[in-house]
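Student: One-letter residues, chain by chain:
Number of protein chains: 4
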Amino acid sequence: MNVWGNNIKLSIFGESHGKAVGVVIDGLPPGEAIDADEVAGEMLRRSPGRDRFSTARRESDSVEVLSGLLEGRTTGAPICGVIRNEDARSRDYDAKLRPGHADWTALLKFGGHADMRGGGHFSGRLTAPLAFAGSLAKQILRRRGVEVYARIAAIGGVEDEMEDREMRDRQGYRAVSLRDFPASPSAEEAMKRVVDAAKEAGDSVGGVVEAAAFGLPGGLGEPFFGSMESAVASLLFAVPAVKGVEFGDGFRLASMRGSEANDALYVEDGKIKARTNHNGGILGGITTGMPLLVRAAIKPTPSIARPQESVDSATMTETIVRVSGRHDPCIVPRAVPVIEACLALCALDGLL
Amino acid sequence: MNVWGNNIKLSIFGESHGKAVGVVIDGLPPGEAIDADEVAGEMLRRSPGRDRFSTARRESDSVEVLSGLLEGRTTGAPICGVIRNEDARSRDYDAKLRPGHADWTALLKFGGHADMRGGGHFSGRLTAPLAFAGSLAKQILRRRGVEVYARIAAIGGVEDEMEDREMRDRQGYRAVSLRDFPASPSAEEAMKRVVDAAKEAGDSVGGVVEAAAFGLPGGLGEPFFGSMESAVASLLFAVPAVKGVEFGDGFRLASMRGSEANDALYVEDGKIKARTNHNGGILGGITTGMPLLVRAAIKPTPSIARPQESVDSATMTETIVRVSGRHDPCIVPRAVPVIEACLALCALDGLL
Amino acid sequence: MNVWGNNIKLSIFGESHGKAVGVVIDGLPPGEAIDADEVAGEMLRRSPGRDRFSTARRESDSVEVLSGLLEGRTTGAPICGVIRNEDARSRDYDAKLRPGHADWTALLKFGGHADMRGGGHFSGRLTAPLAFAGSLAKQILRRRGVEVYARIAAIGGVEDEMEDREMRDRQGYRAVSLRDFPASPSAEEAMKRVVDAAKEAGDSVGGVVEAAAFGLPGGLGEPFFGSMESAVASLLFAVPAVKGVEFGDGFRLASMRGSEANDALYVEDGKIKARTNHNGGILGGITTGMPLLVRAAIKPTPSIARPQESVDSATMTETIVRVSGRHDPCIVPRAVPVIEACLALCALDGLL
Amino acid sequence: MNVWGNNIKLSIFGESHGKAVGVVIDGLPPGEAIDADEVAGEMLRRSPGRDRFSTARRESDSVEVLSGLLEGRTTGAPICGVIRNEDARSRDYDAKLRPGHADWTALLKFGGHADMRGGGHFSGRLTAPLAFAGSLAKQILRRRGVEVYARIAAIGGVEDEMEDREMRDRQGYRAVSLRDFPASPSAEEAMKRVVDAAKEAGDSVGGVVEAAAFGLPGGLGEPFFGSMESAVASLLFAVPAVKGVEFGDGFRLASMRGSEANDALYVEDGKIKARTNHNGGILGGITTGMPLLVRAAIKPTPSIARPQESVDSATMTETIVRVSGRHDPCIVPRAVPVIEACLALCALDGLL
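Chains as they are written, first to last, in this note's numbering: chain A, 103 to 454; chain B, 103 to 454; chain C, 103 to 454; chain D, 103 to 454.
It is worth saying that the hints were derived from the structure and are not from the lab. Here a beta-carbon is modelled for each residue, glycine too, at the ideal position from N, C-alpha and C. Treat each hint with caution, since some may be false.
[To be verified] Pairs of lysine-lysine, DSBU-like flavour, derived with a Cα cap of 35 Å:
id, chain 1, residue 1, chain 2, residue 2
1, B, K121, B, K301
2, B, K373, B, K294
3, A, K121, D, K121
4, C, K301, D, K373
5, D, K121, C, K198
6, A, K121, B, K198
7, D, K198, C, K375
[What the hints assert, rightly or not] Far from chain A by the CB rule (all over 12 Å, computed), these chain D residues:
id, residue
8, V105
9, S113
10, A142
11, R186
12, E261
13, F283
14, G321
15, G391
Working from the sequences, and respecting the hints, build out all of it.
Tutor: Here's what the structure looks like:
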């Protein structure tokens, strides 16, 4: 179902080569000032055509807000934001399935009725409305002392080993997150080399995006099925290309002993705190008040120029596919504001 | 919220040292024969006190079904299964917080009103009702040609590298899954040594559980927020101790190129198939018909005998905690039927 | 689906002649004292076998609470309450469909697999768990200044015309609601005569139950689909035998002019109030702070001794049915605490 | 929450004097042909400015579909329909609360931040997107043999007593429903006189709308909380001005005996049928296969020219309000396609 959330409800719509993509956001508190310039800036972070790593498709990604805002403030009624598709080069549907893409499963599910031009409703373009919704969430959260930032943790095997100290520090995290290339300067060049090499080979490369929410109070989330980890993961796995989600040290915890993985507790300013954050700010599905840390594995863009074995679904015969057109050799940098938006939406949903 | 599912609804309840744990399962199709012996066998797989790795607490974990079954068949009405707590040694609440445990967050959320004896509602004991629900789901799925199995993929850094061939083969997977120690014989000894070493050191160790659903038709799941990955992850992250979830090659995809990660397509018996299964049977959130493969990172049991820095929540002073009592040095083997149950419930929810 | 609610989640289970009926209630605030004697008293109000109007089936309707309470207080975890069926005279399923009963539709839906002994999951006995949940809700609400009462507004065409003054007055309403026969003394005899006459004729009779919530703050409910009227009606129409729901003057508003139906506003103690309450405390789906007034039409019990034309579903032939056994000639008095419970649950769901 | 439905999800947005109103409809089956002319015709049935009974505001109510349709067919992805507000005369917010209107409760809920120009998000204008969604539902239903029609059952106390025979007959119902004034010719003049009299007096008048779904299969709906009556009522009570909902004979059942209210059963063409339809096609919350009959009480439009006692919310002083501007003396005729749309959406939601 295209609806997500408990206190906030998101309803998303649109296709890559249709008229528009958009989202209805219900449940935002009334009276919240929304800075339209900041929203536009956020949309720019995700928008295509900005550098040599992203598709040549150019979209201004400006959002028309149809409802729910009055004189720059939320009214309490649902906000509908619409982003028109401008540079959608209409083309006929290609019956040759792109390996690793939803072409195959859209066919299984919708029996040929899906509008699969440019990936249709399964396109990464659907993350533009998410970025819009996340931008509203971040503004509302900031006023409540909560800040959410994301960064590139790895690209094509090149990891950005931020110091643990930085990871618990809002300023350090923000500095990296807001860079044009949102990774540590020390990692940037190696990452870019990996992408360039893939691009030259007509190939693509994946990576890991990490997001952190600072200032989130303890006690958010519900026991069992309502765990904060369930909520965040369910939204992140909606983002095309995400194939793994982990909190805190995640899969590395599987190799640790309890004495390493447990975060020792102490008292500071009359509050309980943890000396480390291996559990990523969540215990028993409930936030601890430590930074909420989550990492998402982004698979390499399936659309590549290299020839691939595939099937022509019209004739049900095997064929070779070479995906031409405008494609990102690496979507990881553009995924950063999207993962950030997801975490912000989850944080706000939990907070309200 | 303690309710999960779309077509099936699960509502879970209970505390570790209260009267009982249980679950209400709504939405199962009517007329399905349920083999009570098979259910009992499944409960035994998860139950404590069976070997040297699990807690000495002994529970028969027999399920009393209060509703929804008539003469061994589902009626279409909700099934309520209740598992009484027999060996719950009542003790007073200990204000010393166990690091890595929900003691801290239960306090933040419920302000001291939670029944935290033995972990209370946050205890791993709540997975017994999940195993019960999963057992029903597996019986109903099998009749529809779908089988779900899980295995230990890693314990304490020791990985069980099953051959890729085996991973796509129902028989091979079942053989490993149904072993007393559900890992390949070649990995068993090394894994047990790691657990023994941790136990001797008064410590615990984590691991990775993998589950696979064979025979699932293509086309299950919904676009965007209703992705099968979102559904599976949201249920898995409800299981205590799960800190990471990945599908197919998961985080390893982040280091791959598109040409490696994309599963080449071909035609067999008039159907489209994939030569490899890096994407774990899901593309665009929709099942492909290939085996659905998911892995869950299980953190080491936080309850360990070794001294740990912590806080006494009654006095808000720092203290040293040594968790005595009956605790598993490694819960990974007992988590196998639970992760399996979760995947079965998701598969059935998607199929109905 | 057998799950209801937004902030509270109710999950109900059980059959009339099975082992038990019960409910899981999730989302109650932690630390709320629950008076078990009061709960028992509420269960008695609804229980059968108390007077000449109700079925001779005798059930103590005592509730075993399996979870979520510790030393008489809510813990924040789900509460599961189980009510065993004691006087369920097991009998074989009768293929003769009772007109006006769910026998027919259970067959259509569950194809013969439903446990329809005594009405099964469709039985009015399922309202016992609702009364239990409502009893908890009423105790929690009272502590927040909200009281909910219900009364018999009509039986078999005999209406109880309480004065409008009384209807806005908590004390007057409570006095009537807590009577053994919860109607005005002036209406009691006429109502009882109608029931006796129906009983003598081997027939049954319906009525109207009205409930009022006093002290509810304004501003509860959500615009459009989340209207308080939608929430209350969706729960009331789950109660077997309810065929109509109206708020304030309800269907009588359809014959009024705007100048009569609009409630004139004034200021008292710095707050806006309404001089009349034709809209039943709700405008635009949101509570005004005036008493919330709702009425439910209860159809006559379908199980009657008089011969009726029907169908034998086993042979698909027409037949005559005479429903023998223990049946209420009028369930309206027993419906009073149930409708009250429903309104209390809605009020608490909106308030949290 | 502004989201409704189980298999279909509706997400509605917009304000009376904002840019637009609209709806996102998710879950429609793929490949369904949608006749745009028929949609436009349906929008016209509800649109204002067509006769002397409705507001002079003129809106073409043409729908721009942003997503989910390709070459006139549903794709399976969500459909977003947007209806621009053309004749919205922008005016400042008036602090004088209109009695009987959501002005008061919007203030309680949103604290002055709501956009209440023209009723804002609480305006009857929000029913335009419902009519659009209902139009799609009706086209999809018709192809499955289900037809939904509504009619005026009463206006200002003048009832249209259609013969019981007609009420069970699809053709007779359709003929009345599709009239310009959707009531029996014999009732039309008396109804119009009542409206004219109210209009002359600067007043308004309410009524009752009845809707029927013909051809719906038996077995739709779920036991207990998922009853078809709960689903239909929850959607109808979202429609502004609806204050009562009843199924079949509804509140009249409260005065009947069981022997009158029970619908006698017989066999025809190998299927069980009912000789009468007092229960409105629903027993135990599940459809019987008889026509589903529902009636909604519509209160008189609260906006009237006559002076009314009220409060100025800016100064919190009592004042007299005369609502000037363009208002319907009777919205009942315009409510007919809306109630019809609601029933169609419920029928489709249950059928899928």
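Student: Each of the hints needs a verdict: does it hold here or not?
Tutor: Going down the list of hints, with the structure as the test:
| no. | hint | result |
| --- | --- | --- |
| 1 | B/K121 to B/K301 | holds (30 Å) |
| 2 | B/K373 to B/K294 | violated (43 Å) |
| 3 | A/K121 to D/K121 | holds (18 Å) |
| 4 | C/K301 to D/K373 | holds (33 Å) |
| 5 | D/K121 to C/K198 | violated (59 Å) |
| 6 | A/K121 to B/K198 | violated (59 Å) |
| 7 | D/K198 to C/K375 | holds (14 Å) |
| 8 | V105 | violated (5 Å) |
| 9 | S113 | violated (4 Å) |
| 10 | A142 | holds (18 Å) |
| 11 | R186 | violated (9 Å) |
| 12 | E261 | holds (37 Å) |
| 13 | F283 | holds (33 Å) |
| 14 | G321 | holds (23 Å) |
| 15 | G391 | holds (28 Å) |
The earlier numbered hints that this structure contradicts are 2, 5, 6, 8, 9 and 11.
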